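Start from the sequences and build out the full structure, keeping to the hints where you can.
Sequence order for the protein chains is V and A.
End of the first sequence sits at 247 in the working numbering; the numbers just go up one at a time, nothing left out.
End of the second sequence sits at 108 in the working numbering; the numbers just go up one at a time, nothing left out.
Please keep in mind that the hints were generated in silico from the structure rather than gathered at the bench.
Predicted model, so just to flag it, every value in this text is computed and none were measured.
Each hint should be verified, as a subset may be incorrect.
From the derived model, a few chain A residues whose C-beta atoms are all more than 10 Å from chain V [to be verified]: (1) Leu23; (2) Thr36; (3) Asp95.
List of simulated lysine to any residue pairs, SDA-like, C-alpha gap at most 25 Å [to be verified]: (4) Lys187(V) <-> Thr64(A); (5) Lys53(A) <-> Pro202(V); (6) Lys83(A) <-> Phe196(V); (7) Lys97(V) <-> Gly66(V).
Ideal Cβ positions, reconstructed from N, Cα and C, are used throughout, including at glycine.
Here are the chains, one letter per residue:
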Amino acid sequence: MLIDRDELWYRVLKARYGEEGGQLKEGGGDSSVWWRMLCGIRRGAWLGEGSWFEDNVCRVVGGGTSTYFWLDNWLGGVPLRVQFTRLFELSENKGATVKEMVERGWDVGGGAWVWRRRLLAWEEESVSECSSLLCDIVLQVSTLDRWRWVLDPIGRYSVKGTYRYLTLPTTPVETGLYDAAWLKQVPLKVSVFVWRLLPNRLPTKDNLLRRTALHHDDITCVEGCGRPETSHHLFFRCDTFGGL
Amino acid sequence: MVHDNLHQFGNLAGLPRSTHSFLQVIWHACVWFIWKERNNMIFNHKTEEVGLLLDSVKLTSFLWLKANKLTSVFSYTDWWRDPLLCMGVRD
Chain V
4 MLIDRDELWY
14 RVLKARYGEE
24 GGQLKEGGGD
34 SSVWWRMLCG
44 IRRGAWLGEG
54 SWFEDNVCRV
64 VGGGTSTYFW
74 LDNWLGGVPL
84 RVQFTRLFEL
94 SENKGATVKE
104 MVERGWDVGG
114 GAWVWRRRLL
124 AWEEESVSEC
134 SSLLCDIVLQ
144 VSTLDRWRWV
154 LDPIGRYSVK
164 GTYRYLTLPT
174 TPVETGLYDA
184 AWLKQVPLKV
194 SVFVWRLLPN
204 RLPTKDNLLR
214 RTALHHDDIT
224 CVEGCGRPET
234 SHHLFFRCDT
244 FGGL
Chain A
18 MVHDNLHQFG
28 NLAGLPRSTH
38 SFLQVIWHAC
48 VWFIWKERNN
58 MIFNHKTEEV
68 GLLLDSVKLT
78 SFLWLKANKL
88 TSVFSYTDWW
98 RDPLLCMGVR
108 D
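This is how it looks when you write it as structure tokens:
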């Protein structure tokens, strides 16, 4: 997905699956499962909100020949199509590249702006807002446009950056909490076990039920005390083990 | 909740700071054996007596500490009889 658009791989995939709005298409049921999964990641499937992948990829524009003006995320963190939704809807050149736009002139009243109909007053305002964003931009014709992975300082994709991004917002890290798991005296497997226990990530029966791995009638504690097996119950409350 | 318990036990009131690492090891040993026993019950359908479990905890925590030379001057019987002595609480 992050290959440059004139490279061989991209051209192969484009020939196989087609391209739409500057992106390779997912294809129908006949495309490979792997390909559809990759496209799912791009869409942000399987995770709560947003797309961790697309939100963190942007274009670094050089000459502007292979970056789409409206569709790509190259200015201001989100695609212009999102920043200026109304203008995008009205524009006649949705698939224009940055280079084409600058050549036609993207200051207010420039030839780059082609609309389906006359603009309303507030739409005109948003054109001038948009072109004020663009006025500082100077294309470097000799350099190619490339992708950048926002989460990594060097701009290359890194698992570390992604892992941080994905884990940070959902679990506010209480550093002290997990530190307690790591003792140099105990075997590593025990530390790992406690590390899972502290945030309640052990496969206790209540957790299994939550992940629908078990049925309701099978969640009682092994000791036969009739209460659901949660980690709190198992380790401290249960009559049998609580004694320890 | 679980975390509170570890914290509470690991920093047991009234005991000096030097004992905390010992206590944390013991806490680790306890939950580790409870979990192992729970799995043993579910998957092997065997049960162990609580007293035996306690012995395992004592032995294992001793071995873990011993392996790291923290308690090398003490023998297992010392640990068994008077853990606090081994932790350096009493003379």
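Against the structure, the hints:
1. Separation of Leu23(A) from chain V is inadequate, the least Cβ-Cβ distance of about 6 Å not exceeding the 10 Å criterion.
2. With a cut of 10 Å on Cβ distances, Thr36(A) stays outside the contact zone with chain V, its closest approach being about 13 Å.
3. The beta carbon of Asp95(A) is kept farther than 10 Å from every beta carbon of chain V, the shortest such distance being approximately 17 Å.
4. Among the hinted pairs, Lys187(V) with Thr64(A) is inconsistent with the structure: their alpha-carbon atoms are about 30 Å apart, more than 25 Å.
5. Distance check on the hinted pair: Lys53(A) and Pro202(V) sit about 19 Å apart at the alpha-carbon level, within 25 Å; holds.
6. For the hint pairing Lys83(A) with Phe196(V), the CA-to-CA distance comes to about 21 Å; that is within 25 Å, so the pair holds.
7. Among the hinted pairs, Lys97(V) with Gly66(V) is consistent with the structure: their alpha-carbon atoms are about 19 Å apart, no more than 25 Å.
Hint check: violations occur at hints 1, 4; the rest are consistent with the structure.
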